[in-house]
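Enquirer: If you read the protein sequences in the order shown, they are chains A and B. Take 460 as the starting number for the first sequence in our numbering and just add one per residue. Take 55 as the starting number for the second sequence in our numbering and just add one per residue.
In case anyone wonders, no lab produced these hints; they're calculated from the structure. Incorrect hints may appear among the rest.
[Said to hold, decoys possible] Cut-off 25 angstroms, straight-line C-alpha distance, at most; resulting in silico cross-link-like pairs (SDA-like, lysine to any residue):
hint: 1; chain 1: B; residue 1: Lys131; chain 2: A; residue 2: Asp877
hint: 2; chain 1: A; residue 1: Lys698; chain 2: B; residue 2: Pro224
hint: 3; chain 1: A; residue 1: Lys869; chain 2: A; residue 2: Ile632
hint: 4; chain 1: A; residue 1: Lys707; chain 2: B; residue 2: Asn308
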Amino acid sequence: MMRFSQLRVWLLVVAVVTVLALAACSSDETGGGEAEPDKITAWAWDPYFNIAALEIAKESYGNKLELDVIENAQDDIVQKLNTGLSSGSMKGMPNIVLIEDQRAQGFLQSYPDAFFPIDEYFNLDDFAPYKLEPTSFDGKQYGLPFDTGVTGLFFRTDYLKEAGYTKEDLTNITWERYIEIGKDVKAKTGKDMITLDPNDLGIIRVMIQSAGSWYMKEDGKTVNLVDNEPLRKAFENYKAMMEADFVKANSDWSQFIAAFNSGDVATVPSGNWIAPSIEAEESQAGKWAVAPIPKLDIEGSVNASNQGGSSFYVLNIPGKEKAAEFLGKTFGSNKDFYQNLVVEVGALGTYTPASDGEAYQTENEFFGGQSVISDFSKWMEEIPSVNYGLHTYAIEDILAAEMQNYLKGKSLDDVLADAQAQAEAQLK
Amino acid sequence: MSKVVKRANQPYTINLKSTGSRLKKNYIGWLFILIATAGICIFYFYPMVQALLLSFQSGMGANLEYVGLDNYVRLFKDPTFIAALRNTFIYLLIQVPLMIILALFLSVLLNNATLKFKGFFRTAIFLPCVTSLVAYAVLFKYLFGEKGLINQFLLNLSIISQPLNWLSDPLLAKITIIIAITWRWTGYNMIFYLSALQNIDKSMYEAAEIDGASSLQQFFYITVPMLKPIILFTSIISTIGTLQIFDEIMNITNGGPGNATLSISMYIYNLSFEYSPDFGYAATVSYVIVILVVLLSLIQFKVAGDKK
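Isolated chain A (complex conformation):
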C-alpha cells in the first residue's frame, strides 16, 4: 500500500519534471522535407510607402500569389530578425523582409546562411550601381533594390528670391557656397537656412558619399576616419553651419517636419522621400523647388548623393523560390509596375529602364511645375557607390559624441584621431 503510494508520487514527480523539461527544451526540427507553403509572408514598415508598394506589386503579379504583408515598425523588424536568426530557428520568420541598406551588410554577414541569393531572378545591370554594393555579399546578390534615397536640395523659392537668389544660383554649388547663401538668407529674410538634429549625422553621410567616401574603407571593415579627407571637410562644413547661426535645432522626426512645414527654414537637403512630407503642407504649394545636392569642395565629389533607402531580401526557408520569383517579376523587371509605383505611392525605385516611362516625366505643380521624379532619377545614376560596411551606426554614435567636442573647440585632428581610436577599440 505504502510502496504503491510512494511510487505514485515519484512517478508524478518524474512526469512533471519531464513535461517541464520538454516544454522548455523542445526545439523545432526543421526537416528538409517540409512542404512549400501556400502563403508567402512579407515584413515591411510603412503602410503608405513600402507596404503599399508590395500591395501594388501583388496586383501587378495578377494576384497569383497569396501574399500576406505584415506591418512592423522598422526597429521591431531589426529586433525580431536579430533574435530570430541568432536563435538558429527560422520559425516565425517571413519569406520576404525589407531591410535598410545601411544595415544590410550587418545582417548578411552576421547570418550568412539565413538569406537566399537571388541573382538568377533579375538582371543586375538594370539597377543603379550604387544600390548593388550594399545589398550583395561574397559575390552574390541578396537584396532586390526597392527605393532610392537620392538626395536633393529642397528650397523655398520665395525666401531665396527675397534674398536675391534664383534656382540657377543653387544648382551644382558646393557646401561652402551654400553656407554663404545661408548667411545671406538669414540676414535678409530672418529665416534659418536648415534644420538639424545634433544626434543625427545624416547630413555628414550625405556629404561624404557625394565624394565616394564612407566611415569605413572599401572592404567595409577598416575604420576610415582619421585620414578621411571628405569626412574632414564635412566636419568643417557642419561646424561652419552651426557657427553661422542659421541652424534650427530639432530633436526628433516630428520637430524636423514641423521646422519646414511651419515655414521656418529656407532649405531642406534630404533624401527624395521627404517630398511627401513637404507636399503635406498645401499652403506652400508652388513655393518649393529642388536643386541638386551641394557637393564638397574637393576633387571627386559630385552633386549627387544618397540618404536612406532599402531593399527586399528573401529568407532561406521553404517558399523562397516562390518569393524570389515574385520579387523578380515585379520589382525586378516590370517597367509598368514602376510607373504605377510613382503615380500611386510616390516611390522612386532604382530600376533604370523605368526612368523614360511616362509617369516619370510628370510635372509637379507643388514644385512649380518641375519634373521632380525625372530630375531625381537623373541624379540617382550619378550617386557614387560606396560600401556601407558593417558598423555605420556604431561609428556614427562615436562621431556624434566627438562632434559635440569639436563644436566646443577641440581641434579637428584630435577629434578624428580620437574617434578613430575609439572605433577601432569598439569594433573588434
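Model the placement of chain B on the given structure of chain A, informed by the hints.
Expert: Using the frame of chain A, we list chain B on its own:
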C-alpha cells in the same frame, strides 16, 4: 529508493508508521515546491548560466566563438562603455538619494494626523507610478522640447531669455532624465514609507514631546531609525532600478546628445540591435550590471543594515 522500499516491507509498527507518513508528507511538500523550483531553474538559472557562457564568446550574429576573457578586457578599453557606466553612476548618485529624501519628506508630511484631503494628496503623488514608462517618457520629451511647456513657462516668467535646449545640451539632458525618473518613482517609494510609518508606535512621539523634543529631533531620532530597514530596502530597489534604466533614456534622449545620457542598458540594446549584433559582448556588459547590483547591495547592507 531501495532502502525506502525495504523498510516499507518490514512488519507494521507504530514508530515506523509515523516515519513513513512523515516521509510521505515530505514528498508531497517537495512536490509542491518542485514545480516552482523547476520553473525557476529552467526559466531563470538556465538563461543566467547561458548568458554567462555567452559572455565568453564574441562575433557577429550567429558566428559566435569562444574568446575567453577578451570581452571583459575589452570593457576597460571601450570608451562608450565607460561613458555609459559614468552616466549611470551620475544618475545613481544624484537621483537615488534625492528621491529617497523627497519620498521620506513627503510621506512624513502626508502622515500628519491633522492634514486634510490626505487621500487626494497620496493618490496624486502615487499616480505617476501607474503610468506606462514609455507614455510618460514621451510626455516628458514634449514637455522639455524646444517649444515645450517648460520652456514656455520659463520664458513667460522671464527667467530665461531664449528657449533652453533641454534635450540637446549634455548637462541639461542629464538633468531632464533625472527629473523624469524622480517624478515617476518618488510616489512609489513614498508608499513604502507611509505604510512603515503606520507601524511606529504613537506613544514614542508622545514621550518625545513630553521630553521636549522638537519635530526635527523627532524625525531624526525616532522616524528615521524606525524606518531604517525600509530605507535600506527602497534604496536597494532604487539602486537596482537605476542601474537598469532604459525606457526613459530610449524615449526621451535616445542616449544623446553624443553619449551624454547613454545608460548601460541602452548600450546593451545598441550592441545587440542597433549596431552589428554582438550578443557575446552585450552579455558581458549585462554581467557588469549583475556584478554592480550585488556589490552595491552588499555595501548598502554593510553600511545601513543591522549589525546582527
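Enquirer: Give a verdict on every hint.
Expert: Each hint tested on the structure:
1. A hinted pair counts as satisfied when its Cα atoms are at most 25 angstroms apart, and B:Lys131 with A:Asp877 qualifies at roughly 13 angstroms.
2. A C-alpha spacing of about 17 angstroms is found between A:Lys698 and B:Pro224, which places the hinted pair at or below 25 angstroms, so the restraint holds.
3. Distance check on the hinted pair: A:Lys869 and A:Ile632 sit about 29 angstroms apart at the alpha-carbon level, beyond 25 angstroms; violated.
4. A threshold of 25 angstroms between alpha carbons decides the hint, and for A:Lys707 with B:Asn308 the separation of about 20 angstroms falls inside it, so the pair holds.
Hint compliance for this structure: hint 3 alone is broken.
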